[in-house]
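There are 2 protein chains.
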Amino acid sequence: MPVFTAEQLREIGTKIFLAAGASREEAEWVSNLLVKANLVGHDSHGIIRVIQYVKAIQRGDINTNAKLEIVKETPSSALVDGNWGFGQVIAKKAMEIAVNKGRKSTVGTVCACNVYHVGRLADYTMMAAENDMIGVAMANSLRSVAAYGGVERLLSTGPLSYAFPCGGEFPFVLDIATSVVAEGKVRVALHKGEKLPEGCIIDKNGNTSTNPADYYDGGALLPLGGDSFGHKGFGIGLAVEVLSGILSMSGQSYLPNKKGNGLFFQAINIESFLPIDEFKRQVDTLVERTKSCKVRPGFSEILIPGEIEWRTERERLSKGIYLPDRTWEEIQAIASSYGLNLNTIINMG
Amino acid sequence: MPVFTAEQLREIGTKIFLAAGASREEAEWVSNLLVKANLVGHDSHGIIRVIQYVKAIQRGDINTNAKLEIVKETPSSALVDGNWGFGQVIAKKAMEIAVNKGRKSTVGTVCACNVYHVGRLADYTMMAAENDMIGVAMANSLRSVAAYGGVERLLSTGPLSYAFPCGGEFPFVLDIATSVVAEGKVRVALHKGEKLPEGCIIDKNGNTSTNPADYYDGGALLPLGGDSFGHKGFGIGLAVEVLSGILSMSGQSYLPNKKGNGLFFQAINIESFLPIDEFKRQVDTLVERTKSCKVRPGFSEILIPGEIEWRTERERLSKGIYLPDRTWEEIQAIASSYGLNLNTIINMG
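Those protein sequence lines, which keep their order, are chains A and B.
With the numbering used here, letter number 130 in the first sequence gets 119, and the count goes up by one each step, no holes.
With the numbering used here, letter number 303 in the second sequence gets 292, and the count goes up by one each step, no holes.
Just so you know, these hints were derived from the structure itself, not from any lab.
There's no promise every hint is true.
In this list, chains with the same sequence are indistinguishable; a pair is considered to hold if it fits within one copy or across any two.
[Unchecked claim] Only pairs whose alpha carbons sit at most 25 angstroms apart, straight line, appear in this in silico BS3-like list of lysine-lysine:
(1) Lys81 with Lys56
(2) Lys269 with Lys248
(3) Lys61 with Lys93
(4) Lys247 with Lys280
All chains, please: the whole structure from these sequences, using the hints.
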């Protein structure tokens, strides 16, 4: 049950990526975002991904030192080709372009294709918010979600993120899958031997199931809204698919040979509508008003999107990040295969 | 049980609005959209609204002959003040501005404040789609939806619409409330003496209820996702609130004196990313692939957003539009108050 500091995990990730052929910029930035995911509590997108990414480099699915290429451009938009670079690096550059264009042209819109796994969309929408702009991000990916009323996997989990500048202590950032749950939740239930809540998945015949194994045996995730109102989640999922999959020329989620993420990013310049200070003041008021609502029976408090992640980050920055033994063993094995000894990093802590 | 042709209802609406002081442009356009709502099956947004709108004119909540004013403008954006004109008229002009700006600058973004009830957002996003652009629309309104975990009404139903150009026979247009159900559904259940499905509303104490009367007795709608996953619908609802309420300077939904709709509209020029024909071809392929999915037990077919409305419109164009007796009586009473005799219109049919 090893526990690490964020600094140690970043160092571990960086060393392994460098050994696998990544540039220092790539190795440090990707490690940084993976460890950020651990810090905020989304371990499924954390340092465990080093294992997947190194294998992807070895297979040629990730090109190290890839250059982002602008395929089509206007003063306020770009279609970019990531040339299968690290998703985190391409997505960061794509949002930088959106922010720069948005600053001059109110809304900067960037779509990206040929991008490997980008991780959490919140990392990119928050870049816009840190620049006093509204960040919008959508992505498509491998199929996992059934159509409303359908049996087979058709859409990806169609994640959607909005980040808003505000003056409060935690960032106001939404980052959700448009399915009832993301695949990571199903995997965690499977590994823990637990049942899923009703209405999250169907089995290969289209019957609802609470057994996570049924998902991996040809089942599918259900769109947000479940059996009665899933047309809404499915509709949003379709919108995400069109914007991030079709507009980006990334290939649609249902294609058997689909790889990586298609991206749709926007950065909206608030000052084109109202003064940023007034905007932030109003967002803060909305947050305060929300948190002051009377709490329903069965709930303990009302949370703003991004708040729970912020709290987990404070906690893990002080208490450290726990990795399951198996994850740590696999990371050590990959390091060894490159002749790296991670003990020097652990002992430095 | 009177049944009308669309043409008759448009004529009835136009005559009444003209008598109430609207310009011909306003009277015809608003009637047109109300009857369109009847045609596509959303009777709660149909000709019945004539009653509400005429009262709003009489109270001074709607200004007839109001001019849309541009408060702030860039080549790609505008903040507009509707001066409390008819929502349908202001929203149409706002989307026209977005389309014109988007055609030149890739993404046209228009926010609008001081706008009376605009009706269905799909009417405006489809304007963009008919111009070979992607339409995006969000609105805020009076509070009706609780925060996830909260008791009292905080947000509006936060409707959200996307329309995509395509080559198929029906338009691909999503238009949903981000609550589990819209208030109209609760009202219909109340009038029919029926129960609501589980997980749609809470009573004034925050307990879930299937009795529609509990909503009107101080209860609230629940955000999409219900008791277990409502943080997702609530998060999307908050994003809609910020974009359509705060960025538009419309006043937030929770304010006791909130009136009308705040609007956030975008028109996205597809040609800045890929040729429009290729985009439409891919959207059509997505639609076909979706509709060819194997259907789950308990479902009869898979529908695309906008498809059921299109079918209902075909049916009602041939069979006519039914109005409940009470609605027809109220419309006749309003007409009489202006000295209008609607029989001439009915008999012309």
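Can you give me the call for Lys81 and Lys56, within, between, both or neither, at a CA distance of at most 25 angstroms? within (13 angstroms within a copy, 43 angstroms between copies)
Checking Lys247 and Lys280: alpha-carbon separation at most 25 angstroms within a copy, between copies, both or neither? between (41 angstroms within a copy, 20 angstroms between copies)
At 25 angstroms max between alpha carbons, let me know whether Lys61 reaches Lys93 within a copy, between copies, both or neither. Result: close both inside a copy and across copies, 18 angstroms intra and 15 angstroms inter.
My question is about Lys269 and Lys248: at a cut-off of 25 angstroms on alpha-carbon distance, are they close within one copy, between copies, both, or neither? between (38 angstroms within a copy, 22 angstroms between copies)
The structure fails none of the hints (numbered hints given earlier).
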